[in-house]
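Chain U: place on chain E using the hints.
There are 2 protein chains.
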Amino acid sequence: METKVSSPSKEVIIGDNQPTVLIGERINPTGKKKLAEALKAGDLEIVRKEALAQTQAGADIIDVNVGVFGIDEAALLPKAVQAVMETVDTPLCLDSSNPDALEAALKVYKGKPLVNSVTGEEHSLKRVLPLIEKYGAAVIGLVQDDDGIPKDAEGKVRVAHKIVERAEAAGIPREDLVIDCLAFAVGAEPASGVAVMETIRRIKAELGVNMTMGASNVSFGLPDRELINNAFVVMATAAGATCLIVDVAKVRSIILAADLVLGRDKRARRYIEAYRQRPKQEKQ
Amino acid sequence: METKVSSPSKEVIIGDNQPTVLIGERINPTGKKKLAEALKAGDLEIVRKEALAQTQAGADIIDVNVGVFGIDEAALLPKAVQAVMETVDTPLCLDSSNPDALEAALKVYKGKPLVNSVTGEEHSLKRVLPLIEKYGAAVIGLVQDDDGIPKDAEGKVRVAHKIVERAEAAGIPREDLVIDCLAFAVGAEPASGVAVMETIRRIKAELGVNMTMGASNVSFGLPDRELINNAFVVMATAAGATCLIVDVAKVRSIILAADLVLGRDKRARRYIEAYRQRPKQEKQ
Chain E
0 METKVSSPSK
10 EVIIGDNQPT
20 VLIGERINPT
30 GKKKLAEALK
40 AGDLEIVRKE
50 ALAQTQAGAD
60 IIDVNVGVFG
70 IDEAALLPKA
80 VQAVMETVDT
90 PLCLDSSNPD
100 ALEAALKVYK
110 GKPLVNSVTG
120 EEHSLKRVLP
130 LIEKYGAAVI
140 GLVQDDDGIP
150 KDAEGKVRVA
160 HKIVERAEAA
170 GIPREDLVID
180 CLAFAVGAEP
190 ASGVAVMETI
200 RRIKAELGVN
210 MTMGASNVSF
220 GLPDRELINN
230 AFVVMATAAG
240 ATCLIVDVAK
250 VRSIILAADL
260 VLGRDKRARR
270 YIEAYRQRPK
280 QEKQ
Chain U
0 METKVSSPSK
10 EVIIGDNQPT
20 VLIGERINPT
30 GKKKLAEALK
40 AGDLEIVRKE
50 ALAQTQAGAD
60 IIDVNVGVFG
70 IDEAALLPKA
80 VQAVMETVDT
90 PLCLDSSNPD
100 ALEAALKVYK
110 GKPLVNSVTG
120 EEHSLKRVLP
130 LIEKYGAAVI
140 GLVQDDDGIP
150 KDAEGKVRVA
160 HKIVERAEAA
170 GIPREDLVID
180 CLAFAVGAEP
190 ASGVAVMETI
200 RRIKAELGVN
210 MTMGASNVSF
220 GLPDRELINN
230 AFVVMATAAG
240 ATCLIVDVAK
250 VRSIILAADL
260 VLGRDKRARR
270 YIEAYRQRPK
280 QEKQ
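Just so you know, the protein sequences line up as chains E and U, in that order. Residue 0 is where the first sequence starts when you use numbering that gives the first Met the number 0, and the numbers rise one by one after that. Residue 0 is where the second sequence starts when you use numbering that gives the first Met the number 0, and the numbers rise one by one after that.
Chain E on its own, in the form it takes in the complex (with noise of 0.2 Å):
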C-alpha cells in the first residue's frame, strides 16, 4: 500500500518496498522554551531555520506543530506553514490537537499534506476526518480512544481497525492512513517495546496500512536517549513501520543502515550518497 504526500515540486511515497520515510519532528514547542516564546511573539524565525536545517539533514517530510498554551493556534498554524512553504520545497504534516487549526493550515497548504492527528476518539473521528476527505489529505491515527491509549497489542489492533473503518466511511480511503502504534517510554513500561512491535506486525499483517512511530518518547527518562531511540526505529523499521517522526539529524545514519539490510536501498545507492556527504570525522 502506498500512501503519496506532497508539495507542489515534490512527492514522497510511504510504503514496504519505498526507503523509510522520516518525518521531521522539530518543529514542536513542546520542551523547547526558546521556540515556545518565539511563536508566542509570533515570530517564525525558527520555525524557518528548522524546516530549512532538517530539510538538509534528509527530512522526506517536516512536521509543522505551533501547539503553545494560551496561543491562537488558528491563526498561528496557517502562518508557520506558510512560513515553511516559503522556505523549502518538502512536503508538510500539519500538526495540532486543535480541529479548527487544522482546516486553517489546510486551506493555505498547496498540495497533499499528511494531518497530524486524528485519533479513535469519538470526537476526535467526527471532527477531523470530514476535513481529510474535504480537502483530500492523508492523515495519521493515533491508537487512542475514549478509554486511553491501550497498553497491549490486542487493545492497540482494535482501535486501528475502527480508525480504519471510519477512515474508510467517511470516504478515506485506506492508502491515506497512517497509523501511529504508540509508544511508552521502556523505563517506565518495560514490556511496552515488546508490545509495540507485535501491534506493528499485527497491523500490517491485518489491515496492510502504512504505520509510523515517534522515536523520542520510548528513551524518556534514561540517559543516552539517542541510543536506545536508534535502536527502537530499527526494530520498528524491520518490524513494518514505513515511516518515523524523529530529530532526522540524529536518526538518519542507522535508518539509511536498516533500509540497506531491509532490501531497501537498490545497490546501496542511498547508503553510499549518504556515507559520502558524512564529514570526516563521523566516518569510521
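Calculated directly from the structure, the hints in this document are not laboratory data. Among these hints, one or two may not hold up.
No copy labels: a pair is met if it fits in one copy or bridges any two.
[Said to hold, decoys possible] Straight-line alpha carbon distances no greater than 25 Å define the calculated DMTMM-like cross-link-like pairs of lysine to aspartate or glutamate that follow:
(1) Lys249 - Glu272
(2) Lys265 - Glu153
(3) Lys249 - Asp223
(4) Lys265 - Glu188
(5) Lys203 - Asp258
(6) Lys33 - Glu205
(7) Lys203 - Asp151
(8) Lys203 - Asp146
(9) Lys265 - Asp223
(10) Lys249 - Glu225
(11) Lys150 - Glu1
(12) Lys161 - Glu120
(13) Lys203 - Glu153
(14) Lys9 - Asp258
(15) Lys265 - Glu225
(16) Lys133 - Asp151
(17) Lys265 - Asp151
(18) Lys150 - Asp258
(19) Lys133 - Glu10
(20) Lys265 - Glu197
(21) Lys161 - Asp145
(22) Lys249 - Glu44
(23) Lys33 - Glu10
Okay, now just chain U, sitting in the frame of chain E:
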C-alpha cells in the same frame, strides 16, 4: 529454552528471557596479519591481550580460533585455550573446522564450552556430534549442508531441522544446540537480510532453539561497516537471536539499548551501569 556454558567460576545462560549473550570474535586470524604471524611463531601474547580486552569490554564468552593455513591446529588450539583460561575466567567458545583440533581443545577445557561449529554436512555431523556428546559441550550448528549455504529461509530452516534431529539422535539435548543462520553480505545479496530475519523467526517458532548471528559478514564491501552491523544485530535480536558473535566493544552499547527496548534488562540496570562506565566523550 536455556543453553548453559561455563568456566570453572562463571556460568553464562543463553535464552529468550536473558540479556543477549555476546561472544567476542577477535581471537581469529582471518584478515588479521599480525595475529596470524604470531600464531605461526607459536606466540600467544596477542591471544592473551585480546582475551582480557574483550572481557573488559563486556564479552560474555570468548571465541578462540587459531586457524592459519599450514599450522598444526590440533597442537595449537589447546595451547591457545590454556593461555586464555590462565588470563580470564570468561567461558570459551572453541572454534575450528578441524575436528581433531576441537577434540584436543575439549580435552583441556575446564567447564562446559560452546563448540563452533557443526554443520549439516554429513562429514561434520558424523565427526563432530559424537565429540559434543562425549564431552557434554554445547555446539553452534551452521545452516549449511552438502549442497552449500541455502539462500532462502526455506532452505536454511530445513538444514536447521536436520541438525537438530541428528543432534538429538546422537544424544545431545536440544538446549545444547545454538543455530547460526548465516548471513550473506547485503551489498552482494540485497535480499539476504530479510531472508535471515524470516529464518530466525521460523526457527524460533518451529524448533525453539537458541540462535546466534555473526554480524560482520553482512557489511562486507561497504563503507562505515559498524553502522550496518549495528542495525543488523538489533534486528536479529528483535527477531529472536539470543547470542551474537561480534566485536564486543563496537556492538555492546546498541545491544544493551536493544535488550532494554525488548524488556530484557530489569529496571534498566545493565544499560545504566554501562552508561556510567563509558568514557565521558562518548556520552551524549
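Q. Which of the listed hints are not met by the structure?
A. 6, 11, 16 and 23
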